[in-house]
Amino acid sequence: MRGISALVMLSCVSSIDSTAGAQETEQRVQLHGFGSWAYGNTNGNDYLSGSEDGRYDDASFALNVVATHADRLRVVAQPEWLDREDGTEVELDYAFAEWTFSDKLRLRAGKVKQPFGISTEVFDVGTLRPFSELPQAVYGPVGLVGESYKGIGIAGAITFGQHWEVVYDVYGGGQELEEYLPPEAVAEGETFEDPIELERTKDIVGARAVVETPISGLRFGASAYTGNEVGSHRRTGLGIQAEYLAGPWSIRSEYASETVKDDLDADGFYVEAAYHLDPHWQLAVQYDHLKSSLAAVPDPAAPSLLKHEEVALGLNYWWSSDFVFKLSYHNVDGNRFAGPPPTDLAESVTAGTLKTKTNMLLVSTQFSF
Amino acid sequence: MTKASATALRLSALLSCAPLGWADGANTGFNVIVNAANPVTALSRDEVARLFLKKTTTWPNGSPVAPVDQRSDSIGRQAFCREVLQKDMSEISSYWNQMIFSGRTLPPLAKGSDEDVVAYIRANPNAIGYVADRTPLGQGVKILTIHD
Numbered sequence: 001m002r003g004i005s006a007l008v009m010l011s012c013v014s015s016i017d018s019t020a021g022a023q024e025t026e027q028r029v030q031l032h033g034f035g036s037w038a039y040g041n042t043n044g045n046d047y048l049s050g051s052e053d054g055r056y057d058d059a060s061f062a063l064n065v066v067a068t069h070a071d072r073l074r075v076v077a078q079p080e081w082l083d084r085e086d087g088t089e090v091e092l093d094y095a096f097a098e099w100t101f102s103d104k105l106r107l108r109a110g111k112v113k114q115p116f117g118i119s120t121e122v123f124d125v126g127t128l129r130p131f132s133e134l135p136q137a138v139y140g141p142v143g144l145v146g147e148s149y150k151g152i153g154i155a156g157a158i159t160f161g162q163h164w165e166v167v168y169d170v171y172g173g174g175q176e177l178e179e180y181l182p183p184e185a186v187a188e189g190e191t192f193e194d195p196i197e198l199e200r201t202k203d204i205v206g207a208r209a210v211v212e213t214p215i216s217g218l219r220f221g222a223s224a225y226t227g228n229e230v231g232s233h234r235r236t237g238l239g240i241q242a243e244y245l246a247g248p249w250s251i252r253s254e255y256a257s258e259t260v261k262d263d264l265d266a267d268g269f270y271v272e273a274a275y276h277l278d279p280h281w282q283l284a285v286q287y288d289h290l291k292s293s294l295a296a297v298p299d300p301a302a303p304s305l306l307k308h309e310e311v312a313l314g315l316n317y318w319w320s321s322d323f324v325f326k327l328s329y330h331n332v333d334g335n336r337f338a339g340p341p342p343t344d345l346a347e348s349v350t351a352g353t354l355k356t357k358t359n360m361l362l363v364s365t366q367f368s369f
Numbered sequence: 001m002t003k004a005s006a007t008a009l010r011l012s013a014l015l016s017c018a019p020l021g022w023a024d025g026a027n028t029g030f031n032v033i034v035n036a037a038n039p040v041t042a043l044s045r046d047e048v049a050r051l052f053l054k055k056t057t058t059w060p061n062g063s064p065v066a067p068v069d070q071r072s073d074s075i076g077r078q079a080f081c082r083e084v085l086q087k088d089m090s091e092i093s094s095y096w097n098q099m100i101f102s103g104r105t106l107p108p109l110a111k112g113s114d115e116d117v118v119a120y121i122r123a124n125p126n127a128i129g130y131v132a133d134r135t136p137l138g139q140g141v142k143i144l145t146i147h148d
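Chain order of the listed sequences is A and B.
For the first sequence, the numbering used here assigns the number 1 to the initial residue and increments by one for each residue that follows.
For the second sequence, the numbering used here assigns the number 1 to the initial residue and increments by one for each residue that follows.
For reference, chain A alone in the conformation it holds in the complex (with noise of 0.2 angstroms):
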């Protein structure tokens, strides 16, 4: 299957105009792309890309290709490939057809990319952000965030006045998201097959409204979404966001919480700060903190499985605003993402032989164009 999906990409690839990218001339269809690759070293616990014996194993590459027809009609998709230690996986970002009535009204029909937040919809575009990954408390594999729906939406921009707008999505249909499940079943006392579940909430509701105020890269909002959970209750998540964005300055801010009902309870916040000393070299700094709770075990016996605290500093270069080179320092106290293998992890709960903190180096490249 994964053969076959890359001949069918390199076959569109190629039937494509070979100056896509360069935009010289008007074109029907265009290609982006983005990519990475991470190193990491940890002192025990697996992390991100890091591992106690470094590991060199992450790199992804995702194709971005737009069609458009008589200016009212994009046809979008990006798939991504993903290169893991266990092997390689391809996935469907998303794939999505637009028709533009106004700039007020824009309708989204297919696989979409969920507007929650500040980062769902650019979830793994790397030379948008200071740090490799994104903020884990808000964006880790935990459920706080979905990064695609699939179903129907409305999007457009609103001006009051002059300078302020307000840019806003409503939307409809199902949604999947990945949680990361060891840390929740080893504290519940169960077992699991595979440690990434996928869980799949339907007729889902959601909406998110940013606004840009008249101060120049500042911009606030909120977001919202609910739904059935498949197999359990009603899913809710909630978030609300602000950032600022100019000049030398990168700073971001989220709080999400997310409850199903009679089951968890997560709550993620984060903020962030990044600055330019010069147009190659930038400096950033993340705090971030996760706190969950589990209706079936209100007083686990290992409350680190439930919690991720982290700080992390950041050292940049940019080749240019499309390549970039990032070293990082991360301290994280928890266990919700930070762990031994997710084999071994009963074991060490059982044995107190679990590592409640991780310190980790990454290197990493991050590139789009």
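Hints are not guaranteed to be accurate.
[Stated by the list, open to error] Listed below are the simulated DMTMM-like cross-link pairs for lysine to aspartate or glutamate, each with C-alpha atoms no more than 20 angstroms apart in a straight line: (1) B:87 <-> A:243; (2) B:54 <-> A:71; (3) B:87 <-> A:278; (4) B:54 <-> A:212; (5) B:87 <-> A:322; (6) B:55 <-> A:243.
[Stated by the list, open to error] To list a few chain B residues with every Cβ distance to chain A over 12 angstroms, as calculated: (7) 35; (8) 40; (9) 42; (10) 75; (11) 134; (12) 137.
Derived from the structure by calculation, the hints contain no laboratory data.
Heads up, the beta-carbon is just placed ideally off N, CA and C, and yes, glycines get one too.
Starting from the structure of chain A, add chain B where the hints point.
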């Protein structure tokens, strides 16, 4: 236009304390131009910025706007980004990456020279672009007055 003369023009505009020279364009180093058949004769800087950032996609008569940029390494584009969009090129690049990879829109067409921009504007009634202020325009193209 050489880099040195473009820089001198911008510096002289700043030092003169003129209202950025938008009314006649002569002191900014570039002119914003549209097709001669376009009924629009003047726009604010903010309105021009919205057109080139594709936040506004239609003219007042409902026709779709066709903004045309210049190459990202051109002096004219860097000056235009700084003075009209009020962002540097890295901020603009990030903005378009955000738009592209969130599936929202694509950057404007980019031409390789002032002459190519003029030819495109002449051939497209809904187009808007910018060229160095000494670029010969000929028939079919007019300068837009930009006010702040």
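Open item on the list: Name the hints, by number, that the structure is in violation of.
Closed with: none
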